[in-house]
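Can you build the whole structure from these sequences, using the hints too?
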Amino acid sequence: MAEKINQTQNFLKGIVKDNPVFVMLLGMCPTLGVTSSAFNGLGMGVATLFVLLMSNIVVSLIKSQVPSKVRIPAFIIIIASFVTIVEMVLEAFIPFLYEQLGIFIPLIVVNCLILGRAEAFASKNNILSSILDALGMGLGFVIALTLLGATREILGSGSLFELKFVPEDANTFILFILPPGAFIALAYLTVLFNKISTKTA
Amino acid sequence: MDYIIILIAAVFVNNIVLSQFLGICPFLGVSNKVSTSVGMSGAVLFVMTIATMATYLLHEYVLVPAGLDYLRTITFILVIAALVQMVEIMLKKVSPPLYQALGVFLPLITTNCAVLGVAILALGLEGGSLLKAVFFAVSHSIGFALALIIFGSIREQLELANLPEGMKGVPINLLVAGLLSLAFLGFTGLV
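Listed in order, the protein sequences are those of chains A and B.
Counting from 191, one number per residue, gives the positions in the first sequence under the working numbering.
Counting from 82, one number per residue, gives the positions in the second sequence under the working numbering.
If you're looking for bench data, these hints aren't it; they were derived computationally from the structure.
Only a predicted model underlies this, so the values are computations on that prediction, with no experimental measurement involved.
Check each hint, because a few of them may be wrong.
[Said to hold, decoys possible] Only pairs whose alpha carbons sit at most 20 Å apart, straight line, appear in this in silico PhoX-like list of lysine-lysine:
1) K385(A) to K207(A)
2) K249(B) to K389(A)
3) K253(A) to K203(A)
4) K249(B) to K207(A)
5) K354(A) to K207(A)
6) K249(B) to K114(B)
7) K249(B) to K385(A)
8) K203(A) to K385(A)
9) K203(A) to K314(A)
See below:
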C-alpha cells in the first residue's frame, strides 16, 4: 500500500509541487520561444513529453551497464536519438507544426529538464518509477506550456486554439504574441501559480 | 555591407536572448552580478565561435556529401560537448588566468541552447561561407553579452528594491526581462 502511495506521489509531484516550469525553471527556452499560441505550446509540450518518457525508460534500463564517467555523454546521445525521431516524424506528418516550432525542435536535446531527469531520477530508480516520473514531469511541462500559450493567444490574438472570439478588426494586445509578452505573461503566471500552490499546500 | 547587416541584426534586432529566446537558462541563472555576466559572456563568445566553426565544417564537408543531414542534431551536440571539454583542458594549460576567469562557466555551456541554436542557424545563412558563419556566431555572442550585462546591472539594483512578497525572485526577473525585450523591440525594422 505504501508503495502505491509513493508511486502516486511520484507521478503527481511533477504537475504541481515540482512543476518544471513554474517551480524548477527548467526548459525555459522552448517555454518562452514557442508559446505564441496554445496549439504550439501543446505541440512542443507533447514532443518534449515523448522524448522525456523514452529517454527516462532507456536510461533506467541501461543504468547499470554505463560506467559513471561517461554517463552524461551517453545520456545526451540517447536523448539526441529520440529528438531526431521526433524531428523526422513531425516533418513527415505534421509539417505545419514543424514549421512553427522551427529551431526549437532540435533544441529539445539541450532542454535541461530532460537531461536533468535522466541524471537525477532515471539513473537511480527502477523503470516503473522512471516512467511515472517522466509522465508527471512531462505533463507538468505540457500543462505549463499550454497554459502560457493559451494566455498569450487569448490576450494577443483574441482566440483560443485558433478559434476567434472577437470581431475580425478588434484591437488585441499584440504585445502578448511578441517576445516581450512571453516574459511578462510567464512572470504573472508564476506569481499566480505560487499563490495557488502555497494555499493548497 | 552584408557583414554590417548581420552584426546589427544579431545584436539589436534579433537579439538572441531577448527576441529569439535562446540561452535563457544562463540569462536568468548567472546574471545576478555584472562580474559573473561578463565571465559568462566571455565563455559563450569563445565557445560559440569555435563550435560554429567546427559544426559548419562538419556539416559542409562530412554530413552533406555523405547524405547524412538527418544526423545533424546528434553530431552537433556531441561535437559541442567534446569541444567544451577540450577548450577547458587547453585553457587550463595554455592560459591559466583566462581559465580562472571562464573556468566555472565552461561546463554549463554544453547545455546552453544558444550555442547549438546558433550553430544550426548559421547553416541557413544566405550565400553562406565559413567566414560568414563565424562572423554570425561572433555577432550573436556580442548580442548575448549585451543582454546579459544590461540584465546583470539591473539585477544588482533590484537587490535594494522594496518588492511585494509574491513578486520576489523569479517573477520580477522575468518582468524585467520582458521590459528589456520591449526596449529591444524598438529596433525592429532597423535592417
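To see whether the hints hold, each was checked on the structure:
no.: 1; hint: K385(A) to K207(A); in the structure: holds (12 Å)
no.: 2; hint: K249(B) to K389(A); in the structure: holds (17 Å)
no.: 3; hint: K253(A) to K203(A); in the structure: violated (23 Å)
no.: 4; hint: K249(B) to K207(A); in the structure: holds (19 Å)
no.: 5; hint: K354(A) to K207(A); in the structure: violated (34 Å)
no.: 6; hint: K249(B) to K114(B); in the structure: holds (17 Å)
no.: 7; hint: K249(B) to K385(A); in the structure: holds (12 Å)
no.: 8; hint: K203(A) to K385(A); in the structure: holds (17 Å)
no.: 9; hint: K203(A) to K314(A); in the structure: holds (17 Å)
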